[in-house]
Each structure stands twice: as C-alpha cells, then as structure tokens.
Amino acid sequence: MKTPFTILTCCLLLATISSGAEEGGTSVALSLASRTAEVSVGTFLDTETREVRVQIHNDGKEALEIKEIKVSCDCTASDFVADIVKPGDRYTFNLSVAKPYAIKPINVDSTAVVESSGGVFAVHLIGKVNPTLSVKPWKIEIQRNADGSLPEVMPPIMIESQIGHSIKPVSLKSVGNLVQYEEGWESAEGEHCQIHWSLKPEVRGEQRNLADSIQIAFQHGERPYQVEIPLEVVGNSALIVEPDRVNLGLVSSDTPIKGFFLVSSRQLGKRFQLKQTASDSAQVSISRQEISPGKFRVDYKFTPQSSEEASSSAIQIPVDLVTNDPAASEARIYLIGAQIHSAGCCGRTIHHNQ
4 MKTPFTILTC
14 CLLLATISSG
24 AEEGGTSVAL
34 SLASRTAEVS
44 VGTFLDTETR
54 EVRVQIHNDG
64 KEALEIKEIK
74 VSCDCTASDF
84 VADIVKPGDR
94 YTFNLSVAKP
104 YAIKPINVDS
114 TAVVESSGGV
124 FAVHLIGKVN
134 PTLSVKPWKI
144 EIQRNADGSL
154 PEVMPPIMIE
164 SQIGHSIKPV
174 SLKSVGNLVQ
184 YEEGWESAEG
194 EHCQIHWSLK
204 PEVRGEQRNL
214 ADSIQIAFQH
224 GERPYQVEIP
234 LEVVGNSALI
244 VEPDRVNLGL
254 VSSDTPIKGF
264 FLVSSRQLGK
274 RFQLKQTASD
284 SAQVSISRQE
294 ISPGKFRVDY
304 KFTPQSSEEA
314 SSSAIQIPVD
324 LVTNDPAASE
334 ARIYLIGAQI
344 HSAGCCGRTI
354 HHNQ
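Under the numbering used here, the first residue of the sequence shown carries the number 4, and numbering increases by one thereafter.
I should point out that these hints are in silico values taken from the structure, not numbers from a laboratory. A quick note: this is a predicted structure, and the numbers were derived from the prediction, not measured. Among the hints, a few may not be true.
As the list claims (entries may be wrong) - Heads up, simulated DSS-like pairs for lysine-lysine below, C-alpha to C-alpha not over 25 Å straight-line:
| id | residue 1 | residue 2 |
| --- | --- | --- |
| 1 | 142 | 171 |
| 2 | 73 | 89 |
| 3 | 139 | 203 |
| 4 | 131 | 107 |
| 5 | 171 | 107 |
| 6 | 142 | 70 |
| 7 | 139 | 107 |
| 8 | 171 | 139 |
| 9 | 89 | 64 |
| 10 | 73 | 139 |
| 11 | 142 | 131 |
| 12 | 70 | 89 |
| 13 | 139 | 176 |
| 14 | 89 | 142 |
| 15 | 107 | 176 |
| 16 | 142 | 107 |
| 17 | 304 | 261 |
| 18 | 261 | 131 |
| 19 | 261 | 298 |
| 20 | 142 | 298 |
| 21 | 203 | 176 |
Unchecked claim - Derived Cβ-Cβ restraints for the label pairs, each shown as a range:
| id | residue 1 | residue 2 | range |
| --- | --- | --- | --- |
| 22 | 176 | 122 | 48 to 54 Å |
| 23 | 231 | 146 | 20 to 26 Å |
| 24 | 103 | 185 | 28 to 34 Å |
| 25 | 46 | 71 | 26 to 32 Å |
| 26 | 139 | 243 | 17 to 23 Å |
Ideal placement from N, C-alpha and C gives every residue a C-beta, glycine not left out.
Model the full assembly from the supplied sequences, consistent with the hints where possible.
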C-alpha cells in the first residue's frame, strides 16, 4: 500500500486544457488564479507513453519559487526541475504516463502536485492502459470445498497476444513450492498459450491458509516478459472486498462525498460485523444493505473536516471489516485522496459496479 502524498492548500478551479498542442500530446495551463486541472490521456497500449505539457503562469506580483513535485502513481514521471519564475513569466515541465508490461487493462488515476512559494498546483491524470498481452487469471484465489479439502483440478493459466505475436514460455517457478506443472508447458507456442497446473498432492491435505506465487518468463514476439501471479488458498469465512481501495480524489473542505463498495463472504450467507477506525482528518458515516445472501453493499458518506485554520492534508481512512467468526480473516478497505480547504468545489458521488 503506497503512502499518500501531501497535498493542496488551494481552491479547485478548472484550468485551460488544449489537446494536440504539442506533437499530438496534451497541454495544460495553470496559474495562481487557476491552480488545478483534470486531464484525460485517453486509452493507449502498454508499449506506448502519453505526454502532458504543463505550463504554470506567474500572474502575481512577486517571484514564484517552484520547489518540488510529487506524484501519486509510479506510472507517472516528470522532467521537473526547481526554478524561480519572475512575475509575468511561465514555467514549463512535462509529465509522462506509461505502464509497461501490463497483463490486464489498467485505469490511470494519478495526481501530480507541484509545491511552490505561492501555494500548490495539481494536475489529475486519468486514462486507460490496454495490454498487448493478456494473462488470465492475473490473481489466483483457491476456495476450499465445504469439507475443507482442496480441488484437484485447476483452470489453466491462459496467455494470449493482443497484437498477433507469438508467445513462447521460457521458465516457470513456484516461489512457495506449492504448485506442479504438467509436462509439455515448455513446448507451447503460438498467439494463445495454456499452462496446466495443480497443487502438489502433499499440499492438498493442508488445512491452514496458504500463499504462493507463480513466476512465468516468456517471449512475446521480440519482447521478453516476466509476470508473477499471486496465489492464495483461503478458508470459507474470509471476506472479499470490491474494490479494496477507493480514490476520493481532490476533496473540498465543506462538501461531502458519497459512494459504496461491495463486501461478500466466501461462504454463502456468512454474516459479518463492520467497524470503522478513527480518523483525525474527516468523519465517515457507514451503513450496509444485504443485496443477496452473504453479499452486502456498504454505503459511506465522507464529510471532510471543516476548519478555516486547517491546512490541506492527505486522506487515508481505513475501514475494517470483521466477521463474527473469531477464526475468520479480517479485510480492510482504504478511502484515500487529498483534502483542500476551500468553498464548495468538489462535491460528487462515486459509483462502483455492482
């Protein structure tokens, strides 16, 4: 889990955004009067990079010291250099967004925050990265049978080129030594590749929760790949939370945000208890509604702390979910974002797929 970044002391005002300004890229203009912007980088492949040119205009009467930049996602890089901008001048830097070697579609949701002597500037980047190669499943959770035993047959790992290139497995490794592979995996080749596997016989008798990961190295056309698929053997009473993290984005100090997430038990009809941990930065009210046996919709209302003296702050609010079975594992979801202390600019409702 990444630690949220320190953010925002300014009012949220939409900046001017122009597409196609620089060699097919995107440019955005910020100023002391218009400090933040949301920019779409569109949908692109994991072999591609999207560039955003950011320009900060010092429309004030004093020199503006540009100190540092912080980004919320490792998919975002910058050529930022600290500088001093004279009144009337402009400071320009570039943001690049890339997610190489993706194995599933990935939503881009990244915020770049520039700290200066005149306050902060922020650019929120959104978009989507599509993989040139698909790996399914990208995460394996094995559910025990009702009697506690484990299934003998597992669905194969499917590797598929999305651009018509050949796939050739090079090596396989079970980090925790729980997995065995069928013979012939190394000879599989083509645009579609299947790897058949199963848990080792001595593992199937284990009653405890187990964890492993499957490392696969292969060649995709001329491009070498290595992926790691986490594997977990869980008990029937564990919880599933969808999603496990909610990005609140930029939050006004006086406008609540509403949303929900889904919680279900791996054991049909299993009831659970819900509790909220304390938060110094905000108040969160939570309610739940059972939408099917063992599956709940959990609604929350996030009300930021209102204070004229309060400085802007990062938000990270954990919500713990605990079953009424003492042996059950706990689950946790985080509400994350950045709070800015300004009047009515950011209120909205966040929806997730049911």
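Hints, one by one, checked against the model:
{"no.": "1", "hint": "142 x 171", "in the structure": "21 Å, holds"}
{"no.": "2", "hint": "73 x 89", "in the structure": "23 Å, holds"}
{"no.": "3", "hint": "139 x 203", "in the structure": "21 Å, holds"}
{"no.": "4", "hint": "131 x 107", "in the structure": "11 Å, holds"}
{"no.": "5", "hint": "171 x 107", "in the structure": "19 Å, holds"}
{"no.": "6", "hint": "142 x 70", "in the structure": "40 Å, violated"}
{"no.": "7", "hint": "139 x 107", "in the structure": "8 Å, holds"}
{"no.": "8", "hint": "171 x 139", "in the structure": "16 Å, holds"}
{"no.": "9", "hint": "89 x 64", "in the structure": "9 Å, holds"}
{"no.": "10", "hint": "73 x 139", "in the structure": "33 Å, violated"}
{"no.": "11", "hint": "142 x 131", "in the structure": "20 Å, holds"}
{"no.": "12", "hint": "70 x 89", "in the structure": "14 Å, holds"}
{"no.": "13", "hint": "139 x 176", "in the structure": "17 Å, holds"}
{"no.": "14", "hint": "89 x 142", "in the structure": "52 Å, violated"}
{"no.": "15", "hint": "107 x 176", "in the structure": "21 Å, holds"}
{"no.": "16", "hint": "142 x 107", "in the structure": "11 Å, holds"}
{"no.": "17", "hint": "304 x 261", "in the structure": "5 Å, holds"}
{"no.": "18", "hint": "261 x 131", "in the structure": "24 Å, holds"}
{"no.": "19", "hint": "261 x 298", "in the structure": "20 Å, holds"}
{"no.": "20", "hint": "142 x 298", "in the structure": "21 Å, holds"}
{"no.": "21", "hint": "203 x 176", "in the structure": "14 Å, holds"}
{"no.": "22", "hint": "176 x 122: 48 to 54 Å", "in the structure": "50 Å, holds"}
{"no.": "23", "hint": "231 x 146: 20 to 26 Å", "in the structure": "21 Å, holds"}
{"no.": "24", "hint": "103 x 185: 28 to 34 Å", "in the structure": "30 Å, holds"}
{"no.": "25", "hint": "46 x 71: 26 to 32 Å", "in the structure": "31 Å, holds"}
{"no.": "26", "hint": "139 x 243: 17 to 23 Å", "in the structure": "18 Å, holds"}
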